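Residue 486 in the UniProt record's numbering sits at position 486 of the sequence shown; the count goes up by one each step and never skips.
Read the hints as simulated data drawn from the structure, not as lab findings.
There could be a bad hint or two in this list.
With a straight-line Cα cutoff of 20 Å, these simulated SDA-like cross-link-like pairs (lysine to any residue) come out [unchecked claim]:
#1 633 with 539
#2 147 with 196
#3 293 with 231
#4 382 with 703
#5 382 with 633
#6 306 with 340
#7 249 with 216
#8 338 with 315
#9 685 with 509
#10 707 with 690
#11 483 with 528
#12 575 with 637
Distance ranges between label pairs, derived from CB positions [to be verified]:
#13 448 with 535: 46 to 56 Å
#14 680 with 270: 57 to 67 Å
#15 456 with 695: 17 to 27 Å
#16 412 with 561: 45 to 55 Å
#17 264 with 135: 16 to 26 Å
#18 668 with 229: 53 to 63 Å
A quick note: this is a predicted structure, and the numbers were derived from the prediction, not measured.
Quick reminder that beta carbons are idealized off the backbone N, C-alpha and C, glycines included.
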Amino acid sequence: SRSSRSSHLSHRIPPGAPRAAAGAAEGAQCARAAPPAAAPAPGPPLTPRRGQGGGAASRLLRSGSPGSESAGPAAAPGRGHGFPVDAARDPRLAAVAWLWERERRHFAPVKTGSFLLRVWKTPTTPSYNWYKLTRIAIVNHDKCKPKKCRQECKKSCPVVRMGKLCIEVTSQSKIAWISETLCIGCGICIKKCPFGALSIVNLPSNLEKETTHRYCANAFKLHRLPIPRPGEVLGLVGTNGIGKSTALKILAGKQKPNLGKYDDPPDWQEILTYFRGSELQNYFTKILEDDLKAIIKPQYVDQIPKAAKGTVGSILDRKDETKTQTVVCQQLDLTHLKERNVEDLSGGELQRFACAVVCIQKADIFMFDEPSSYLDVKQRLKAAITIRSLINPDRYIIVVEHDLSVLDYLSDFICCLYGVPSAYGVVTMPFSVREGINIFLDGYVPTENLRFRDASLVFKVAETANEEEVKKMCMYKYPGMKKKMGEFELSIVAGEFTDSEIMVMLGENGTGKTTFIRMLAGRLTPDEGGEVPVLNVSYKPQKISPKSTGSVRQLLHEKIRDAYTHPQFVTDVMKPLQIENIIDQEVQTLSGGELQRVALALCLGKPADVYLIDEPSAYLDSEQRLMAARVIKRFILHAKKTAFVVEHDFIMATYLADRVIVFDGIPSKNTLANSPQTLLAGMNKFLSQLEITFRRDPNNYRPRINKLNSIK
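All chains, full assembly: derive it from the sequences and hints.
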């Protein structure tokens, strides 16, 4: 029947093909099944009718070539339908031309009655592999434990049951192996695995020939590479686990790309042939000839004290090859730290020290992996200016950054990375800075006609409560206070806040933002001033150290038993923060970003009047930051509570803030916390301290820093 034939052919149609392609394949099948010289079957008169026919390709098959016309109506053998005479005017003709051109070699002309029919030359199916969906199987090395399970994946696999070796695993194996060629993507093994160690991901078919590197079987693979240009700063933007650090290692010459052939790695000659005709051919040739020296600023600066011993000054003296140490130290505020030991430095000081060590060395390729983490807004801009000062017509500079406003300020052009984290990553072609960041936020690559995210990330004017709700809100006040801690003194101007309001605290590191939050939380008592109103407070600290020994589920059950199963909380907080993906993992094994998301869920799940959240964007990638901001905003609005947030990511701060508390003064000495101001007045006051200005993008309203000395 026609319906069964359609379902039989449905798996052959590529997902990106035009709708008419379904008709094309059906018509082609019809022609192939027909006897070569059969007379038309007896039936009703063969009058062409609108809406009838065996698909667009059938209309093509009866004519000699696309666009040719026939003298009269025609009928396909075995079908009682007529077809339009003028195939060239059929609106679906263009949609199937690509299929016809590809498969026409399989047809041979046969005279049937009064018209020409083309039938298959051979009984074999034509080559449909050109659009076949490629799928990759990912086996998590940490989660897969064949010795602790019953090999459910292998026992339940339908391909294995048919006698083919699709999954290979025994109780003695270290890890399961899945054949990506034999896998049919049924997803049964994923559901059966007791540890959740398997995932099957469908790839866009056009990527199969563009694999740059794959670590091993059933592991992450990277498609394509960013193309650096001398004399310009290349920015890389993408989520965590998408291949940015892998791309940096390959471009630095520290990782040899295997073009996906992990079992038989190619030699450099084959790699250069693969990149022939692109800018990367010359780039890799120079690296092989040792013409290019590369330096990478590592992502995890908290590991530096384990590798480097001594004082800051002694290490900088040892590494100083360009004699620019004094200038770089002044730009990065390191002069007063030269006598300090590296192991005594804080996160922000380590970050600035790592950037300085890279900047004072001689090299041709400078790579900075997340240079703004742990830094405040002022330090981020200074680091960006220092990195841009390295620009030279012969130097390549590549930066990976999650703070989009800093990346915008720092880069000359952008490559986006999309895909599935820990499964595969794809690098786009280079775009201008504005276009590249907008493509990442929009989730759609126009050059490839590909959407990699369901929803666009747009910075709408912040959601606020309506006027009736504002009138019902409670007003809270806190008094003017003072607190002295050693040489540091913080003065707080009295202020007030209401329900459903988010107060963002802006200031440099060391101006007392965390001290203020702890005083509001009742963790510190003021030396002078009135008493802080007694309120139920939920506090997420700046530094998160995992103390729990159980799983995330046990921790949530222990701390926020009622909240984490509540449907509203699940919708507003748990799902957007993707807690479900890590709920059965041990808390001690979580990464920084995963810990941050769990800490945020714990903070918001605790019943309180005021939520104090210190740096919610730390360790999160660009996408997760925007999602976390949206979660906080929506939760505070729905729960009708107040939040005080300390945030250095400018985009996240402007999205969250209803009002702003600006901290000024001399960091670590004497500072003042001003009373809450409107977003506009507070931001202008803060930006005037930084001596910079912002503008908003006309497409998605994200804030963009104006370049130094820009006129427009």
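Results of checking the hints against the structure:
1. 633 with 539: holds (16 Å)
2. 147 with 196: Between residue 147 and residue 196 the Cα gap is close to 15 Å, so the pair holds against 20 Å.
3. 293 with 231: holds (15 Å)
4. 382 with 703: Holds - the C-alpha atoms of residue 703 and residue 382 are around 18 Å apart, at most 20 Å.
5. 382 with 633: Given pair residue 382, residue 633 is violated - Cα atoms ~30 Å apart, limit 20 Å.
6. 306 with 340: holds (16 Å)
7. 249 with 216: holds (17 Å)
8. 338 with 315: Holds: residue 338 and residue 315 sit about 9 Å apart, inside 20 Å.
9. 685 with 509: holds (17 Å)
10. 707 with 690: Roughly 13 Å between the alpha carbons, so the hint for residue 707 and residue 690 holds.
11. 483 with 528: Roughly 7 Å between the alpha carbons, so the hint for residue 483 and residue 528 holds.
12. 575 with 637: This hinted pair holds, its Cα atoms lying about 18 Å apart.
13. 448 with 535: 46 to 56 Å: holds (52 Å)
14. 680 with 270: 57 to 67 Å: holds (59 Å)
15. 456 with 695: 17 to 27 Å: Hint holds: Cβ distance 20 Å, inside 17 to 27 Å.
16. 412 with 561: 45 to 55 Å: holds (52 Å)
17. 264 with 135: 16 to 26 Å: holds (22 Å)
18. 668 with 229: 53 to 63 Å: This hint is violated: roughly 41 Å between Cβ atoms.
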